[in-house]
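Asks: Here are the chains, one letter per residue:
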Amino acid sequence: MTLSRDLSGKIALAGVYEHPTRWAPDKTESQIMAECARGALDDCGLSLDDVDGLFSAGMAMGPMGVVSLAEYLDLKPNYIDGTNIGGSSFVAHVNHAAAAIHAGLCEVGLILYGSTAASNALAIGTGMGGAARDAAGSFVSPYGMTTVGSYALVAQRHMHEYGTTSEQLAEIAVTMRRHASLNPHAKMRKPITIDDVLESRVISDPLHLLDCCIISDGGGALVVTSAERARDLAKPAVLIQGCGEAVCHREIGSPDLLTIAARQSADNAFAMSGMSRDDIDLCTVYDSFTITALVTLENLGFCKPGEGGAFVEGGRIGLGGALPVNPDGGGLSSNHPGMRGIFLVIEAVRQLRAECAGRQVEGAQVACVHGTGGTLGVAHSGATLILSKA
Amino acid sequence: MPEKYFNIEGVATHVYHTGATTLPEKVPDTRIGETILCLHHSGGNGANFGPLMGKLEGRHSPLAFDFPGHHRSGSLDSLGSVERMASFAGALIDKLGLGATVLLGHSMGGSVALELALSRPAVVRALILCGTAAIYPESPELLERYRLITEGKAKRHFDPSAYSPTTPKEVIGAGFADSFKTDPRAVYPNLLALRAWEADSRLGDVSVPTLVVVGSDEDPYMVEQSERMASQIPGANRVVIEGAAHMIPAEQPDRLAEAVIAFLEGLS
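In the order they appear, the protein sequences are chains A and B.
The first sequence maps to residues 1 to 390 in the numbering used here.
The second sequence maps to residues 391 to 658 in the numbering used here.
To be clear, the hints were calculated from the coordinates, so they are not data collected in a lab.
Treat the hints with care, as some may be off.
[To be verified] The list that follows gives simulated cross-link-like pairs (lysine-lysine, DSS-like), each with its CA atoms no further than 25 Å apart: (1) B:K394 to B:K485; (2) A:K235 to A:K389; (3) A:K190 to B:K543; (4) B:K416 to B:K394; (5) B:K445 to B:K394; (6) A:K235 to A:K10; (7) B:K571 to A:K190; (8) B:K571 to B:K559; (9) B:K545 to A:K190.
So that you can see chain A by itself, here it is in the shape it has in the complex (with noise of 0.2 Å):
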């Protein structure tokens, strides 16, 4: 990671666009795409005409998906990464991005991700099975696993290890909805109690309904280009400081249930920047269950392994606290349409730029994004970025 130390700070996110429906039924997942680039240009003041590398992935794209959405904008791109490595993917491109636009392969990267998995009824944490269809995997599915299962097991290992109680994940999940309910777009805003939590129905014990994430329709875009040429951008420039990519290798208990790819691609992230887990003001961080945000900021070093239950009680990752975690209400109770990942880097760019009125973290200088792909308990990755104020 030696190289890298020369990349920081040099390359920034200049737009960002969240796409405000939760439900588009009568949209396909090119056109929330499209809206979404649009948006995303209009933000930094740049048109498609500056665009010259794309980068996407899909839940419903083939693996050359970004060659038809190319096409869809009209776009004939130098750099095309149509890189899918589950929800984290667009955290990955940014990594991407950067380094491309560093190398000087492009100049102004596209990153775009659109979905109606809520309108088309994607059952994504119970359908689609906690194991992928290829060989190792096929030791597994026979058996049933489901993605929430995986996460379940994940969830009583860490009670079965640490002593971690459901009120703890609950806390999770109630932090998050009390952010949503300040958040105009969010999906799900009506307060709930960690009660409520507690009394919804188990989905994949120790996991209550109210431990998952929604399924919403959405999409988003992210602007990337040099630091240099975002100053003369209509918004201010959010920087990259440090970024990091890992896998974590397949099948369940190897090599333990609560060691994710969180801490190999933040350690890598934080190296990179050059600062330290006491920089960081707030987090946005993949909440596809309860227990992902919990051990996710256990393995990003915000906690020591085994600690996050208590982490996270007595408002410490809520607005006001001392480490803010996805102030828009998350995937919990935000949005979450399918993949997530692009929406983490959004609200940490809006967080630094203070545009968050009603659920700004006051003062935020520099944030910590990760996104999750994939399913913890088999195989995932993690992408994590540090980014700060220019």
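Knowing the structure of chain A, use the given hints to seat chain B on it.
Replies: Frame of chain A, contents of chain B only:
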């Protein structure tokens, strides 16, 4: 059945029609016979009228749509009151330029049709009230169950007693599948809306030709309501459809179509 979207009061509204498919924004051709707008039950959708519309096609011009918050129309919420649903249906008639339209309302849709006939009689050519009521009984247990469903504390509910014992399993199965196409967070406010509404005291004010349709195996309260509506609405007729309970359009589309055709023949 061709389907398309229209923007009604800012909501992308999913409309079903017969005849040829048409380009976006182009209104379907409704020149054949009467224009019949079908209004679905709470938690249902316009596709529930598919078999009926198929039977009416060629003689009349049937249309249906999904209310906001239902199936493939926009919005995550129910409109929240029968009056707002009626004004929404009126706005759809205006937007599509349908003129005086026959309203065929089933269950909640029937109440909406009745409300629209009372509030805007000029846009209503005639009323066909199917398995519906002018006032709904208090049902605290049903409401409580739906409240718990919306909070994730109870499983979704499907009531097969809305179907006749003679209705084929496939029809009930399709209804079960359809019930999952609408979020219970839209259905619960519908149930509250129906209980906050009544037209019982205004039945004498209905000024358009009316046919009341009820299933032979319908719940006794709804049968009583059908009799009351038929007796109180000036000039109304009542038809009993054999082999149907509450879900008449799905259970007996052929017999319902016959009744509709006969009623509309009597109009001209």
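Asks: The structure should be examined with respect to each hint, and the outcome stated for every one.
Replies: Consistency of the hints with the structure:
Distance hint between K394 of chain B and K485 of chain B is fulfilled; the C-alpha atoms sit about 14 Å from each other, no more than 25 Å. Note on K235 of chain A and K389 of chain A: the hinted pairing holds, with a Cα-Cα distance of about 11 Å set against a maximum of 25 Å. This hinted pair checks out: K190 of chain A and K543 of chain B have alpha carbons roughly 15 Å apart, not beyond 25 Å. Restraint check: the Cα-Cα separation between K416 of chain B and K394 of chain B comes to about 9 Å, which is no more than 25 Å; the hinted pair holds.
Taking the CA atoms of K445 of chain B and K394 of chain B, the gap is about 20 Å. The hint holds against a cut of 25 Å. Only pairs whose Cα atoms come within 25 Å are accepted, and K235 of chain A paired with K10 of chain A is accepted, the gap being roughly 17 Å. Using a Cα cut-off of 25 Å, the hinted pair K571 of chain B and K190 of chain A holds, with the two alpha carbons roughly 23 Å apart. Distance check on the hinted pair: K571 of chain B and K559 of chain B sit about 19 Å apart at the alpha-carbon level, within 25 Å; holds.
At roughly 20 Å between alpha-carbon atoms, K545 of chain B and K190 of chain A fall within 25 Å of each other, so this suggested pair holds.
In the structure shown, no violation is registered for any of the earlier numbered hints.
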